[in-house]
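*Asks:* Going down the list, the protein sequences come from chains A and B.
Numbering of the first sequence is given in numbering that gives the first Met the number 0, commencing with residue 0 and proceeding in unit increments.
Numbering of the second sequence is given in numbering that gives the first Met the number 0, commencing with residue 0 and proceeding in unit increments.
Think of the hints as simulated: they come from the structure by calculation, not from any bench.
For every residue, glycine included, the Cβ atom is placed at its ideal position computed from N, Cα and C.
Check the hints yourself; a few may be wrong.
[Stated by the list, open to error] A short, non-exhaustive set of chain B residues, derived as facing chain A with CB atoms under 8 Å:
(1) Lys243
(2) Asn246
(3) Val249
(4) Lys253
(5) Ile256
[Stated by the list, open to error] Label-pair ranges, simulated between beta-carbon atoms:
(6) B:Leu63 - A:Phe26: 53 to 61 Å
(7) A:Ile30 - B:Gly311: 23 to 31 Å
(8) A:Ile17 - B:Ile295: 26 to 34 Å
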Amino acid sequence: MFKYYFEGIKNVEIFPIISLIIFFTFFLGMIVWLLVMKKSYVDKMKNMPLQSEDEPNESKSFLL
Amino acid sequence: MMEGKTLATEEKLEHSSLTVEKFAYDNHIVRLFVIASVVFGIVGMSVGLMAAIQLFYPAANLGLPFTSFGRIRPLHTNAVIFAFVGNAMFAGVYYSMQRLLKARMFSDFLSYFNFWGWQAIILAAAITLPLGYTTSHEYAELEWPIDIAIALVWVAFGVNMIGTILKRRERHLYVAIWFYIATFVTVAILHIFNSIQLPISIFKSYYVFAGVQDALVQWWYGHNAVAFFLTTPFLGLMYYYLPKAANRPVFSYKLSIIHFWSLIFIYIWAGPHHLLYTALPDWAQSLGTVFSIMLIAPSWGGMLNGLLTLRGAWDRVREDPILKFMVVAVTAYGMSTFEGPMLSLKNVNWISHYTDWTIAHVHIGGLGWNGFLIFGIFYWLVPKMWGTQLHSVKLANTHFWLGTLGMIFYALPLYVAGFTQSLMWKQFTPDGFLVYSNFLQTVTQILPMYMLRAVGGALYLAGVFVMVYNLMKTAYAGKFIRNEEAEAPALQKNYVGKPNEGWHHRLERRAVMMTVLVFIAVATGGIIEIIPTMLVKSNVPSIASVQPYTPLELEGRDLYIREGCVGCHSQMVRPFRDETERYGEYSKAGEFVYDHPFLWGSKRTGPDLHREGHSKNRRSDSWHYFHMLEPQQMSPGSIMPPYPWLLESSFDAEALKDKISAMRTLGVPYPEGYENQVAEEVKKQGEAIVQRLKEEAKVKTSADKEIVAMIAYLQRLGTDIEVKAEGEETTNTPE
Numbered sequence: 000m001f002k003y004y005f006e007g008i009k010n011v012e013i014f015p016i017i018s019l020i021i022f023f024t025f026f027l028g029m030i031v032w033l034l035v036m037k038k039s040y041v042d043k044m045k046n047m048p049l050q051s052e053d054e055p056n057e058s059k060s061f062l063l
Numbered sequence: 000m001m002e003g004k005t006l007a008t009e010e011k012l013e014h015s016s017l018t019v020e021k022f023a024y025d026n027h028i029v030r031l032f033v034i035a036s037v038v039f040g041i042v043g044m045s046v047g048l049m050a051a052i053q054l055f056y057p058a059a060n061l062g063l064p065f066t067s068f069g070r071i072r073p074l075h076t077n078a079v080i081f082a083f084v085g086n087a088m089f090a091g092v093y094y095s096m097q098r099l100l101k102a103r104m105f106s107d108f109l110s111y112f113n114f115w116g117w118q119a120i121i122l123a124a125a126i127t128l129p130l131g132y133t134t135s136h137e138y139a140e141l142e143w144p145i146d147i148a149i150a151l152v153w154v155a156f157g158v159n160m161i162g163t164i165l166k167r168r169e170r171h172l173y174v175a176i177w178f179y180i181a182t183f184v185t186v187a188i189l190h191i192f193n194s195i196q197l198p199i200s201i202f203k204s205y206y207v208f209a210g211v212q213d214a215l216v217q218w219w220y221g222h223n224a225v226a227f228f229l230t231t232p233f234l235g236l237m238y239y240y241l242p243k244a245a246n247r248p249v250f251s252y253k254l255s256i257i258h259f260w261s262l263i264f265i266y267i268w269a270g271p272h273h274l275l276y277t278a279l280p281d282w283a284q285s286l287g288t289v290f291s292i293m294l295i296a297p298s299w300g301g302m303l304n305g306l307l308t309l310r311g312a313w314d315r316v317r318e319d320p321i322l323k324f325m326v327v328a329v330t331a332y333g334m335s336t337f338e339g340p341m342l343s344l345k346n347v348n349w350i351s352h353y354t355d356w357t358i359a360h361v362h363i364g365g366l367g368w369n370g371f372l373i374f375g376i377f378y379w380l381v382p383k384m385w386g387t388q389l390h391s392v393k394l395a396n397t398h399f400w401l402g403t404l405g406m407i408f409y410a411l412p413l414y415v416a417g418f419t420q421s422l423m424w425k426q427f428t429p430d431g432f433l434v435y436s437n438f439l440q441t442v443t444q445i446l447p448m449y450m451l452r453a454v455g456g457a458l459y460l461a462g463v464f465v466m467v468y469n470l471m472k473t474a475y476a477g478k479f480i481r482n483e484e485a486e487a488p489a490l491q492k493n494y495v496g497k498p499n500e501g502w503h504h505r506l507e508r509r510a511v512m513m514t515v516l517v518f519i520a521v522a523t524g525g526i527i528e529i530i531p532t533m534l535v536k537s538n539v540p541s542i543a544s545v546q547p548y549t550p551l552e553l554e555g556r557d558l559y560i561r562e563g564c565v566g567c568h569s570q571m572v573r574p575f576r577d578e579t580e581r582y583g584e585y586s587k588a589g590e591f592v593y594d595h596p597f598l599w600g601s602k603r604t605g606p607d608l609h610r611e612g613h614s615k616n617r618r619s620d621s622w623h624y625f626h627m628l629e630p631q632q633m634s635p636g637s638i639m640p641p642y643p644w645l646l647e648s649s650f651d652a653e654a655l656k657d658k659i660s661a662m663r664t665l666g667v668p669y670p671e672g673y674e675n676q677v678a679e680e681v682k683k684q685g686e687a688i689v690q691r692l693k694e695e696a697k698v699k700t701s702a703d704k705e706i707v708a709m710i711a712y713l714q715r716l717g718t719d720i721e722v723k724a725e726g727e728e729t730t731n732t733p734e
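Given only the sequences and the hints, what does the whole structure look like? Please build it.
*Replies:* Rendered as structure tokens:
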């Protein structure tokens with residue numbers, strides 16, 4: 000069944016290494032992004048669940 | 000869908016078009032899911048309670064095949080996971096998603112298709128599982144036609160979700176939405192991959208993979224079902240409802256992002272920790288352990304993020320039952336996600352595996368994390384949607400205490416039971432004999448703990464009834480807001496973003512890209528884990544003496560599957576002195592190459608059966624006959640359920656032909672044309688057993704009875720390796 004298809008792939012061992020590199024880079028990118036993230040954006044996102052129209056916005060005090 | 004466009008004077012920077020649109024949130028779909036969740040929650044927990052009682056009082060199975068332990072255990076797990084928690088998940092997601100995206104669901108049709116389809120599946124499960132239609136893969140027991148229905152309904156849910164995201168009126172996707180997307184994508188992959196079966200009839204199929212590979216796929220699924228059905232969607236819900244209930248924003252949004260990506264990347268790798276010390280290759284086991292330990296970091300980050308959201312509001316936690324439920328839920332999340340990695344350490348797993356410790360562990364997660372978060376959400380949602388106040392805060396507090404006590408009474412006795420029994424299994428006399436060589440002694444020892452556990456379960460269930468009363472009173476006092484009017488400016492089309500924004504901003508705005516990325520992250524983990532096991536031939540060293548099952552044994556095996564014996568018996572002797580002493584030679588990967596599906600099991604309520612027919616343990620045919628008829632007669636004090644119907648019913652010998660040829664399709668080396676000999680083979684082997692039964696105990700039966708097939712199978716277990724001469728183990732597969 001499936002195993003035969005995969006057996007045919009040359010150098011299948013390289014895939015784990017490639018994916019490790021991809022994952023590592025992705026995480027680095029994420030850290031960098033978090034470090035440079037703007038406070039205004041963070042505040043906006045943080046408060047997103049709280050600002051629906053149906054409730055009185057008591058949360059104003061937390062909206063810096 | 001009601002959407003009109005009106006010009007508004009109000010302006011928002013990002014929405015330069017100035018168009019404010021009116022629309023309505025669909026609360027009706029949320030209400031339906033809430034009701035379904037509560038109703039099935041009660042059913043699922045009651046079935047669980049019944050199963051718990053059967054473990055110290057076997058007569059509670061009512062003497063019916065449909066309610067015997069092996070069949071209702073999967074009914075319980077499926078009902079609480081997919082019906083109680085699943086419906087609650089949909090309720091929570093449908094409510095929060097609409098608000099976070101400022102849009103009604105993409106399609107009402109899909110919403111209701113999702114709802115009714117899901118209930119139909121639950122109904123099908125509630126009928127087929129007691130009838131014994133099961134694939135035997137834990138938490139994936141439903142047979143193939145239902146699997147297909149699940150896939151369809153799940154895709155409908157996904158399309159509805161992505162559609163809503165695409166027509167949203169909020170540019171940025173809050174982290175809860177990411178969790179929902181990940182849930183959809185991953186569960187789809189898991190479900191499809193773990194359902195690759197070869198159908199034989201409308202309610203019978205065989206898994207394509209066998210033995211070790213089947214086990215790996217199953218636990219890759221089983222583990223990630225916990226991760227992506229019981230955890231990620233509920234983290235999304237936590238990140239929405241906890242801030243809502245506390246009325247303050249999440250402690251750290253950045254932490255929630257780290258939480259998300261780390262979980263997505265790491266969780267998928269941890270599956271093999273369910274198979275430590277089994278015949279699974281070592282590298283895969285180690286991989287599972289390492290990734291499990293790594294999981295502690297993001298999980299605890301997430302827990303702290305939840306708890307710290309309440310900093311400065313602890314006075315409110317003391318008064319508000321909703322917050323109380325949520326605090327305990329998040330704490331239980333932290334406990335389970337610490338305990339889980341600990342259980343995947345080999346030396347802990349050595350003690351915990353196959354015992355009630357595992358059951359305690361999953362119930363901290365199930366009762367604490369899922370259950371309590373759901374209750375908190377429901378207490379918050381119902382007054383909101385009915386435009387009123389909660390009927391009684393006092394009753395909610397009563398529920399909280401009943402639930403908490405229930406959990407304690409449930410889990411603590413099982414920790415004691417698990418630990419006690421495990422130590423008893425492993426205890427040797429100074430002369431090197433097992434102290435408790437009779438397995439049953441280790442069972443009767445912990446029966447009091449089983450009784451306490453049932454008390455715990457009953458308390459927890461009682462709490463749910465209190466909630467139902469309270470919520471119904473609340474609903475009657477209010478008026479249901481079926482469609483909640485809202486308005487928001489439309490999103491500007493062709494938005495290009497600010498020049499200096501980061502790549503993740505762009506990514507996070509692009510829902511489809513997010514989905515693809517999550518898919519890649521998850522699929523890579525799965526591929527790397529699973530494919531090598533299938534590739535490398537040496538991963539499954541074959542044993543020349545291992546032969547395919549005879550048709551009669553195969554039938555017995557299918558009966559074993561039907562009755563859910565796998566819920567109480569393992570078939571995997573681990574390489575420890577106490578296990579080899581008790582059961583015989585430890586199990587080798589090569590012994591399972593014809594096992595579609597694998598039947599290793601995960602719990603030893605009864606002894607391991609992998610060597611049941613081996614000369615070391617061999618019982619007579621008549622012993623098995625009377626033991627199946629009435630276990631207590633042969634093993635006084637046994638808690639194994641009786642199976643008198645096996646003695647009366649006949650099996651379908653005709654269907655065996657299809658089974659044999661299906662097995663051949665899957666690679667089991669039955670010779671061509673063997674189907675035509677099936678009837679003869681079955682008769683020959685069956686008659687021999689009938690004869691022995693007659694000689695041994697004057698039993699009168701016939702070769703077409705199910706009991707005969709069952710005996711044939713039990714006596715076959717563990718005999719392959721006896722035939723083998725020393726050193727015959729080889730590393731090349733016969734294929």
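*Asks:* All the hints need checking, so say for each whether the structure fits it.
*Replies:* Against the structure, the hints:
no.	hint	in the structure
1	Lys243	holds, 6 Å
2	Asn246	holds, 6 Å
3	Val249	holds, 6 Å
4	Lys253	holds, 5 Å
5	Ile256	holds, 6 Å
6	B:Leu63 - A:Phe26: 53 to 61 Å	holds, 54 Å
7	A:Ile30 - B:Gly311: 23 to 31 Å	holds, 28 Å
8	A:Ile17 - B:Ile295: 26 to 34 Å	holds, 27 Å
In terms of the numbered hints stated before, the structure departs from none.
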